[in-house]
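S.K.: Residues per chain, in single letters:
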Amino acid sequence: MLDCRIPRYKVLRDADECIHCNLCVRECANEVHYLSKKTGALKADSMKCVNCQRCTVLCPARALAIGNWPQVDCGSAAWNLPTMADIATQSQTGGVLLASMGNPKPYHIYWEHLLLNASQVTNPSIDPLREPMETRVLLGSRPAHLRVNERARTLAEPLPPQLKLDVPILFAAMSFGSVSLNTQKALALAARELGTYFNCGEGGLHRDLEPFGEHAIVQVASGRFGVDPYYLNAGAAIEIKIGQGAKPGIGGHLPGEKINAEVSRTRMIPEGTDAISPAPHHDIYSIEDLRQLVFSLKEATGYRKPVAVKVAAVHNVAAIASGMARAGADIIVIDGFRGGTGAAPKRIRDNVGIPIELALAAVDERLRQEGIRSTVSLVASGTIRNSADVVRAVALGADAVSIGSAALVAMGCHQCGDCSSGRCNWGIATQRPDLTARLNPDQAAERVVNLVRGWNREIQEMMGGMGINAIDSLRGNRLMLRGVGLNEKELEILGVKYAGE
Amino acid sequence: MSDQTTFEREGGAGLPEHPLPSAPEVTAVTVEQNAAAQAVAEGAMAVETTSVASVTVELGTSHFREANAAVRAALEQANTVVLTEVFAQRYLGCAMKAGKRLEIHGTPGNDLACYMDGGSVEVFGSAQDQTANTMNAGSVVVHGRSGDATGYAMRGGELLIRDDAGWRAAINMKQYGDRRPMVVIGGDAGDFLGEYMAGGVVVLMGRPGSHLASGMHGGVVYLQRAHVPSNLPQGLVACDLDAEDAKVLGGLLARYDRCFAGEVRPDGTVAAAAPLEAFVALRPASSRPYAALYAS
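From first to last, the protein sequence lines are chains E and X.
Taking our numbering, the leading residue of the first sequence gets 1, the next gets one more, and so forth.
Taking our numbering, the leading residue of the second sequence gets 1001, the next gets one more, and so forth.
Think of the hints as simulated: they come from the structure by calculation, not from any bench.
Using N, Cα and C, we set each Cβ at its ideal position, and we do this for glycine too.
Residues on chain E that point at chain X, a partial pick, calculated with CB under 10 Å:
| id | residue |
| --- | --- |
| 1 | Val220 |
| 2 | Arg224 |
| 3 | Asp228 |
| 4 | Pro229 |
| 5 | Leu232 |
| 6 | Glu257 |
| 7 | Arg265 |
| 8 | Met268 |
| 9 | Gly272 |
| 10 | Asp274 |
| 11 | Ser296 |
| 12 | Lys298 |
| 13 | Thr301 |
| 14 | Pro345 |
Some residues of chain E that are not near chain X, with every Cβ distance over 10 Å (derived):
| id | residue |
| --- | --- |
| 15 | Cys21 |
| 16 | Met47 |
| 17 | Ala65 |
| 18 | Pro82 |
| 19 | His145 |
| 20 | Pro433 |
| 21 | Asn440 |
| 22 | Lys497 |
Per label pair, the in silico range of CB-to-CB distance:
| id | chain 1 | residue 1 | chain 2 | residue 2 | range |
| --- | --- | --- | --- | --- | --- |
| 23 | X | Val1228 | E | Gly94 | 28 to 38 Å |
| 24 | X | Gly1235 | E | Gln90 | 16 to 26 Å |
| 25 | X | Ala1246 | E | Ala261 | 28 to 38 Å |
| 26 | X | Ser1230 | E | Ala261 | 34 to 44 Å |
| 27 | X | Gly1235 | E | Arg147 | 55 to 65 Å |
| 28 | X | Asp1240 | E | Ala261 | 26 to 36 Å |
| 29 | E | Pro160 | X | Asp1178 | 32 to 42 Å |
| 30 | E | Glu271 | X | Ala1278 | 28 to 38 Å |
| 31 | E | Ala15 | X | Gly1235 | 50 to 60 Å |
| 32 | E | Ala261 | X | Leu1276 | 28 to 38 Å |
| 33 | E | Ser286 | X | Arg1207 | 24 to 34 Å |
| 34 | X | Pro1266 | E | Asn260 | 46 to 56 Å |
| 35 | X | Gln1234 | E | Thr83 | 24 to 34 Å |
Please build the complete structure, drawing on both the sequences and the hints.
M.R.: Okay, structure coming up:
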């Protein structure tokens, strides 16, 4: 059958600069760069290029760049090149289109329509270089009343278990299998260094990560991979994964070729078989059933671990979150529709779910209306790209945020979106030993630590500018936000005034 | 520390110990009609009673949290705990370890023996939904029927049900290394038996519902030749037993008879294992049923 697809990218090699070191040939797992068998000349097959930018970053002569393939489309806004390419792929395979990383479509990014406040004249701003600035966050449920034995100056009842974060940033769930062990190690090292938590995802906790248990959140998803009493007690908290922003409503298929000996041992399934996470948990068909799973996990861990429940941001997320709080979740995690993934059906990734900004604002507002906001913690994720996004998320009501893609970008990811192929040249979304060896966990951790420390300083600067010296005072403080370029309905849902009001 | 207070995996690296909290004071509520058990729950017999063979705890209508705290406290004192007047308390036997045994009289609630890790549970009555949910090892024997999602995501151990099982029994079961879950159902099973099954063994004496073993990509379902549906889902093959099948199935049928033979069911029939010759083995044709589903 004729392959009607054309390259997306064009490899641009500057012949004057190229020193023929052939590093690009050795580095490209997609085999874009190659030496001609006939002439020995250095060539490139642009069709195979996914624009991971490994070669352009590493080229010692700066002789490489990746450009767009110069083919123009037919001029129709509807029938553009990507649309045509999808049809070509499906007409040649009959398959479900697979994609990776977050929704790339040009939907509104509401973060960019929310501006932050600062103090002028009427109240002083605070200089975080000289004055204390609190960014510590506790995650967990809080009792409605605190009973204190005043004579003994002790609590009459123990507090529910809490996670203590020194920065308002967690690392999002990424399973061993979808990412490499070195990626998880880097996140674990960074979490320990920063005083926060990584999340091992649904693929079990590799034994090399067990020493990081105090900084681990272990996940329970519908496939129940690697879940046993030891696992449940190995981390600091448990997260029930109901959904993921990139693929709300569906499960996951980790293909057999990614199930090597180590992944198999950690997930506790045979090597080479598909690891299938069904779309629903078949023990959860209702809020009451969710409560049942939450409490089975609490029973299995002696009520010593907070239980988080993660859902994708979908249409009725506010009502769902209310149910989750009432089901006994200590932490509610909302993942917006731009959240990343190792693999998802493209149509789901690009068309299902709602933006995290609107979902977060709606959930926070609903929980406050119902008087239960203080009984749970709220974590937002799905395109938190910089410290200003963190500040906006907290002001919209989040206790903390999770970052996945941003942490991976810090390690080298260039968002090419080809994770599902298993040929990640940066050693992140792959199990190929020659590729995973490219990611040094210590060095990757250092980059992630640097990123989060930089963000945290910026968060302190922004809070200080507002005259706020503790992140608790920023949470749900929507007066610190003003909208631009938003309609009245959007302002209403976000709960913010227009700039100038 | 007793063996109920830490979780260790065979060959696992040393982890910080995770002590379970001691039984809350409320246990007295749950066991007030049972002086011995109450004493146990309060720790009064802590030293003398470690050699006690069994302790009886009456659960009545106590809340699951109180009930499970009382059961855990009793298991600290004796390796076998007999539960009477059980009225649908959830999570009984949750994460219970090897060497511990629960004998349950009445009706245990959902998630019986969830995450169980080697313990033994025998129910003299019927069980509700999600019995042996994500069970790792051990034995559950039910002298009655069991509800929906029975044996959900089991990874090891045995689950024997004298009568019927509800919908979606033995789904998502998996096996790894020497862990191979075994589910024996003496009666009929509801729809979707063995859905997405990735490992382990299911023996079904009665009739399956519709959508039998859809998405199955590992393990084996033994069912009677006469009960194999005519519209078997694509990707499954029914074949005659080989020597290994006969050994595994023969052992499980004998085990069923040892547990239940001669017991009279509510419908008046007498429990007995079907003959080995009547069975065929249902297996997936591929461990990668969806390998060709995607394009990128």
